[in-house]
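Could you slot chain F onto chain R? The hints should help.
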Amino acid sequence: MLSQYFAQYLLNHHFLTAQQVRELLDAESKHHVKLGVLAMSQNLMTAEQVELVHHLQVSCDRLFGEVAIDEGYLTESQVKTLLHAQDSGNLNLGQAIIDKNIMSLAQLEKVIQDYKKNSNMALTDALSLIQLSKIDFSEIEEVRELYTEYTDLFLRSVLRFMDTAAVVDPHAQSVHTDKETVVVSQRLMGDVILTTGILAEEAVFLEMARRYSQEDITEVSELAIDSVSEFLNVTNGLFVVNLSNRHLDVDLEPQKFARNEVPFGNKQAIIHVNTRFGGFELIIAADEIIF
Amino acid sequence: MILTRKLKILITDDSLLLRRKLKQELESLDCEVFEAKNGKEAVMMYLTNQPDGTFLDIVMPEVGGLEALQAIRKINEKAQVIMLSSTGTSSKLVETLKFGAIDFIQKPYTTQQIKKTLDDIRKKVEADA
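Protein chains in written order, with my numbering: chain R, 1 to 291; chain F, 1 to 129.
Chain R extracted, bound-state conformation (with noise of 0.2 Å):
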């Protein structure tokens, strides 16, 4: 998905605040992306025409489409297939920012073009940049593939099964201990030894047990404990055979869990994750994860 890893550039390079992202994950889907962002994007037409063709508009009662060919800025098969691209839902994000006024149409234009030559490095540079908190990801350089990849996965898991986008804040400066908190976490053992666990506040915690249970839970109960661990062992099974893709063979143990404790483990790092209904941190340790 365009947003998720768009919104993690854009939260890196500092285009815009965590809380802003948040917002923006949460109005995406109401925004419907217009066809003159879709055809800059796409680089088919430049901000200043789409500016053009949105004055002349103005003067007449016709379509973004009709003006642009008319124009001579698109051909009706490059419309068409802007159409078509407009129905999937892609650039949200993008609209999203033009309709809340937190860029123009050039500067939207020239992030899109940077953020297209490095959109491959999105996570791999959040989680470079995490070394600024309390936690160093310099010091476990040896492990700093295999926690992105499972970050990574660990994102789209988010999407997948939480219906909604999930980004890394490189820059959040430290775990919530002042209001009560979850955790659970998993053992991976075999060729790869790795701890991977939950960290959040109760609200947040019960959010992520209902979109993944789709159990109306108003409680941090046992049937919340075991929505969110049974998530992150869905996600840990995945990364499993992900491994094991590459002749690496790897168990899962049984989940734990624990309130108001700040985990410890060996080379462990806290990421914290923004999503639409708030930011947690997802634990990743090479060893057990001591609570």
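No lab work stands behind these hints, which were simulated from the structure alone.
These numbers come from a predicted model, not from an experiment.
Glycine is no exception: its CB is placed at the ideal position from the N, C-alpha and C atoms.
One or more hints might be untrue.
The following label-pair restraints were derived from C-beta to C-beta distances [unchecked claim]: (1) F/G100 / R/T124: 26 to 32 Å; (2) R/V262 / F/T4: 41 to 47 Å; (3) F/E95 / R/R156: 24 to 30 Å; (4) R/V262 / F/K98: 25 to 31 Å; (5) R/L83 / F/T111: 33 to 39 Å; (6) F/M1 / R/D163: 43 to 49 Å; (7) R/F264 / F/E126: 36 to 42 Å; (8) F/G100 / R/Q113: 55 to 61 Å; (9) R/D163 / F/Q113: 20 to 26 Å; (10) R/M189 / F/G100: 42 to 48 Å; (11) F/N49 / R/T17: 56 to 62 Å; (12) F/T111 / R/D178: 39 to 45 Å; (13) F/N49 / R/Q214: 28 to 34 Å; (14) R/D26 / F/T111: 29 to 35 Å.
In silico EDC-like links for lysine to aspartate or glutamate, alpha-carbon gap of 20 Å or less [stated by the list, open to error]: (15) F/K124 / F/D30; (16) F/K23 / F/D120; (17) F/K23 / F/D119; (18) F/K21 / R/D163; (19) F/K107 / R/D251; (20) F/K21 / R/D216; (21) F/K21 / R/E207; (22) F/K78 / F/E67; (23) F/K37 / R/E253; (24) R/K179 / R/E202; (25) F/K23 / R/E222; (26) F/K37 / R/E202; (27) F/K37 / F/E27.
Using the frame of chain R, we list chain F on its own:
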């Protein structure tokens, strides 16, 4: 012979959520469902209820799914056991089939997978009747 009674199915998983969802699914497919939350309970439930089919998770506290599979197959060498696990690697598949499981489903399962498994169990029960 066509089976006229409900299929008896045992679900074994330490996840309350999984048991709840799978039970709903199986009951909607006209099955009688029993639940166990670890391998030890599964063996006890198997002895008591003699189910037509058993869904077994692999990773569970106390007694895991592979040990339970072996124990159930000792009780009934024709037991129809389906492993239902998040770790669907080829080595795990080979290992469970070696121990006598008839199928392996990776979580999250789909309704089609469950329906197909029930059809297979039903055919076997009818053939043995």
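State, for the Cβ atoms of R/L83 and F/T111, whether the hinted interval 33 to 39 Å holds or is violated.
Holds, since R/L83 and F/T111 (Cβ atoms, about 34 Å apart) stay within the stated range.
request  = May I ask you to test the hint 36 to 42 Å on the CB atoms belonging to R/F264 and F/E126?
outcome  = Cβ of R/F264 to Cβ of F/E126: about 56 Å, so the range 36 to 42 Å is violated.
- Query: Lying within 29 to 35 Å: is that true of the beta-carbon distance R/D26 to F/T111?
  - Reply: holds (31 Å)
Within 56 to 62 Å: is that where the Cβ-Cβ distance between F/N49 and R/T17 falls? holds (57 Å)
**OP:** Take the C-beta atom of F/G100 and the C-beta atom of R/Q113, compute their distance, and say whether it sits inside 55 to 61 Å.
**Re:** holds (59 Å)
- Message: Does the beta carbon distance between R/D163 and F/Q113 stay inside 20 to 26 Å, or does it fall outside?
- Response: holds (22 Å)
Return holds or violated for the Cβ distance of R/M189 and F/G100 against the range 42 to 48 Å.
violated (25 Å)
| query | CA of R/K179 to CA of R/E202, is that 20 Å or under? | reply | Since the Cα atoms of R/K179 and R/E202 sit roughly 8 Å apart, the hinted pair holds (cutoff 20 Å).
- Query: F/K78 and F/E67: Cα distance at most 20 Å?
  - Reply: holds (17 Å)
Quiz prompt | Pair hint outcome, F/K107 versus R/D251 [Cα-Cα no greater than 20 Å] | solution = OK: F/K107 and R/D251 at ~15 Å, within 20 Å.
Does the hinted range 25 to 31 Å hold for R/V262 and F/K98 at CB? violated (43 Å)
When you check the alpha-carbon spacing of F/K37 and R/E253, does it fall within 20 Å? holds (15 Å)
When the structure is compared with the earlier hints, violations turn up for hints 1, 2, 4, 7, 10, 26 and for no others.
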